[in-house]
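Novice: Line by line, the protein sequences give chains A and B.
Each residue of the first sequence is one higher than the one before, starting from 0 at the first, in numbering that gives the first Met the number 0.
Each residue of the second sequence is one higher than the one before, starting from 0 at the first, in numbering that gives the first Met the number 0.
Mixed in with the good hints there might be a few duds.
[What the hints assert, rightly or not] Negatives, chain A to chain B, calculated, CB over 12 Å:
id, residue
1, 249
2, 344
3, 454
[To be verified] Selected chain A positions facing chain B (in silico; Cβ < 10 Å):
id, residue
4, 3
5, 9
6, 39
7, 247
8, 251
9, 320
10, 465
11, 477
12, 485
Rather than coming from a laboratory, the hints here were simulated on the basis of the structure.
All figures in this text were calculated on a predicted structure; none of them were measured in a lab.
A virtual CB, placed ideally from N, CA and C, is assigned to each residue, including glycine.
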Amino acid sequence: MAAEPKTKYDRQLRIWGDQGQAALEKASICLLNCGPTGSEALKNLVLGGIGSITVVDGSKVEVSDLGNNFMLDEECLGQSRAKCVCSFLQELNDAVKAKFVEESPTTLIDTNPSFFAQFTLVIATQLLENSLLLLDKICRKANVMLVVARSYGLTGMVRISVKEHTVVESKPDHFLDDLRLHNPWPELKQFAKSIDLNVTDPVVHKHTPYIVILVRLAEKWADAHDGCLPSTRQEKKEFKDLIKAHMLNIDEENYKEAIEASFKVSTARGISSQLRHIIEDSAVEVDSSSPDFWILVAALKEFIANEGDGEPPLEGSIPDMTSLTEYYISLQKIYQAKAESDCLVIEQYVKNILKRIGRDPDSISRAYIRNFCRNARKLKVCRYRSIEEELSSPVLPELQKYLTDEDYCFAVGFYILLRAVDRFAANYNRFPGIFDSEMDEDVSRLKSIALSISNDSGFHGSSLSEDLINEMCRFGGAELHAVAAFVGGVASQEVIKLLTKQFIPLTGTFIFNGIDQKSQVLAL
Amino acid sequence: MADLATKGRWRDVDKLLSRPGNIISSGFEPSSTLREEIGEYVRVLVVGAGGLGCELLKDLALSGFKNIDVIDMDTIEVSNLNRQFLFRLQDVGKSKAEVAAKRVMERVSGVNIVPHFCRIEEKDIEFYNDFNIIVLGLDSIEARSYINSVACSFLEYDRDDNPLAETVKPMVDGGTEGFKGHARVILPGTTPCFECNIWLFPPQVKFPLCTLAETPRTAAHCIEYAHLIKWDEVHSGKPFDADDPEHMQWVYSEALKRAELFGITGVTYSLTQGVVKNIIPAIASTNAIVSAACALEALKIVSGCSKTLSNYLTYNGVEGTHIKVTDFVKDNDCLVCGPGTLIELDTSVTLSQFIELLGKHPGLQLSKPSVTHRGNNLYMQSPPILEEMTRPNLALRMFDLLGEVPKDTVHVSGASEKNGKKTSCSRKLRIVFKGVADMTVGMDTTGN
Ligand SMILES: [Zn+2]
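Excised from the complex, chain A in its bound form:
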């Protein structure tokens, strides 16, 4: 008996669609260390139907594993941890190919760097700083995405390391509709003109879509104001009054909608600073090795400079609004037609560029181009510094800012202390606070390590709280299940965003704060 994937994955297909799902099913993931943090991260991906997983862990199941890892039970004691976790994960979803490698990740990183090249993405959990730095280099070289996750007592962290991640479908929560009310094109103006705003039939009057009302009244306003649109506060208020004056009664929803959207006629032409940043990026100078994304951006740049007259291609969809059905459908068609013609222009640019760089002019699909045009205003480029860069030269002004911000003080303290415990472990071969008897010594040892990390990074960490250092020693390297489930959960969510190339992944270092839950992302 097999479940229909459409039904089984219904609740997530509603978020990332068939394309996103296909990307997950194609992906091959490697997990380093299958303690609870790694196991939980993989669990969430296996449930969602990830293509294949490879669990790398060299340890045998110990009693303490049973206290924090749900994938392991009494029968696993003494067996390979990788094998046991892998077999439990397989049970969750038989569509996933699950493999395991019984070897210590640290050894694997040191001795077999080419091992990692076969994967789409590596999730490295509970890895100490030295191995992590090495792994980051390996993954960058092999173009394998890396997600780092760590749980430690009541804290933890998640960080992505990828040279560049580009997103077409960023699907932001709130984004202004692309209606071009500030700059209507001829077909839209013509349609608006064909409708009588002062129609006597009250039903038609209250079902005239606000797009039409605003296009017409903006024109009327411009005629009376030397071709200018309302810009000052006073003018905007007067424009609203002009709209109000056309109402037959105060209950007309379409006019209320028009008043609410009236600011859209005054929107400045042009593109957002974010999009400007992208089209001015040096990657826009494309060559035969450029990814499709940047070829599209190059085409987009041409469009904006020429046909677009400073504007990106039209998105082509309109929100629901009070309207007669036929008016609404007509508007939909007018917006779609304009979007389609903008898209054709871009497509031509794409072909020309491809030809110029020596690629097959039809090698980028029309579906991709259309999707790109529809999302042109929402493009996103994320670049990540290597972990080594971050550790050796953190962004000091940011760090200094966090140190003085009350909401960040635990998070930034944990950031430094997570590094400090790794250095402690490198020096003493164990984490601080493992033994009750050496608690006091460990506190002062950890403190001096933390101080030297602060100094090495170029800031003077006077504000690193004594209490937090104490806490870190109290944790004694514990990997608590609830913390691991949280951190692993965040890691898996970032993996999904990276693989589906939808939504915007985490762009800094996420520090979990299990004390008061004020977790933060540090842009270092």
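Knowing the structure of chain A, use the given hints to seat chain B with the ligand on it.
Specialist: Only chain B with the ligand this time, still in chain A's reference frame:
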């Protein structure tokens, strides 16, 4: 397996519970036996065994809780399997609560999980009073509101209107939608209850019927037309059942016809299901994150081993990973968690007259209420056997039923009307008898 426990199975949790710290809550008494004490004496109720519930049961069991109950009326469906990791394909159709409890007990030895395969309203109020903490993993506002009203009904205040510690029933509530979620801690009487900031959960917007009937514009309008208007026209009297695939197929094909008629695109079977059943997208990772935050808070509340979330966390993974903690303030006039609605009665008022009064009271508007006083049933609407047993009380005076005290608290539960919709609720009332001198100082603080 006491054997395992001594060999360090709980090494990691024990570090947190056995060692003193400086960033903790008041009342934290670290000891090597604290985890065992929590396991033995703390009873936790998990409400909901779905996406959050499955995670919560696992997280709580691996955080040292050993006496767990779980309540859920639902059975397992195929579309649960992408996130409710305790269920397998062969479990489809079985009780979520029962399967979830069994699976967690199989894997975490020593934990005892009692499943309750029923509606939350089916349990009497006292069932909920047996738990030290209630963790909610629900997707419905009504269910949250009900559990909240029940938990708050146990709360009693002293003469200075300070909550009495032993009557506080802490709740931890989680919720998710797609890449977003929330986790909150409710300490009735101290932090806002669910009702204090109900505005955080705005009611779902419904399409006006005239839009559906006369000016449809979107695929959803066509679907709702078929679902809400056409169905009744064609199937006189036969109720629509969203779980019947034939019904859904009918709505889908009618919606398609209507869309074609008006030139509207985008009607699909999947959208039809989504609109008709109001499906909320859900994924494993968000549930894992929110549940883990809730379980951690539960452990901190019962042990004091760290600070507590104060008091509302939102998680948003749409753009990066954003976590925001907001310290909401409670509404001192809240009908649910406040000191209770004051009702002044003449000593001559009978229970039957009192019940009539509850229906008319502007702040309550309770219909068909059952009344309890300090755990005793004064009048129960159901089941019939209890109704019959308590019926003779209706003719008795409230003053006598309450033991001739000048004032006391009673609990009532019934249906109240809100926005034209009947919902179950439980309320606490402070009864004061007119003209009876208050001689028993401290009376209302020494009950229970
Ligand atoms: Zn309240």
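Novice: The structure should be examined with respect to each hint, and the outcome stated for every one.
Specialist: Going through the hints against the structure:
{"no.": "1", "hint": "249", "result": "holds, 17 Å"}
{"no.": "2", "hint": "344", "result": "holds, 24 Å"}
{"no.": "3", "hint": "454", "result": "holds, 24 Å"}
{"no.": "4", "hint": "3", "result": "holds, 7 Å"}
{"no.": "5", "hint": "9", "result": "holds, 5 Å"}
{"no.": "6", "hint": "39", "result": "holds, 6 Å"}
{"no.": "7", "hint": "247", "result": "violated, 17 Å"}
{"no.": "8", "hint": "251", "result": "violated, 14 Å"}
{"no.": "9", "hint": "320", "result": "holds, 8 Å"}
{"no.": "10", "hint": "465", "result": "holds, 8 Å"}
{"no.": "11", "hint": "477", "result": "holds, 4 Å"}
{"no.": "12", "hint": "485", "result": "holds, 4 Å"}
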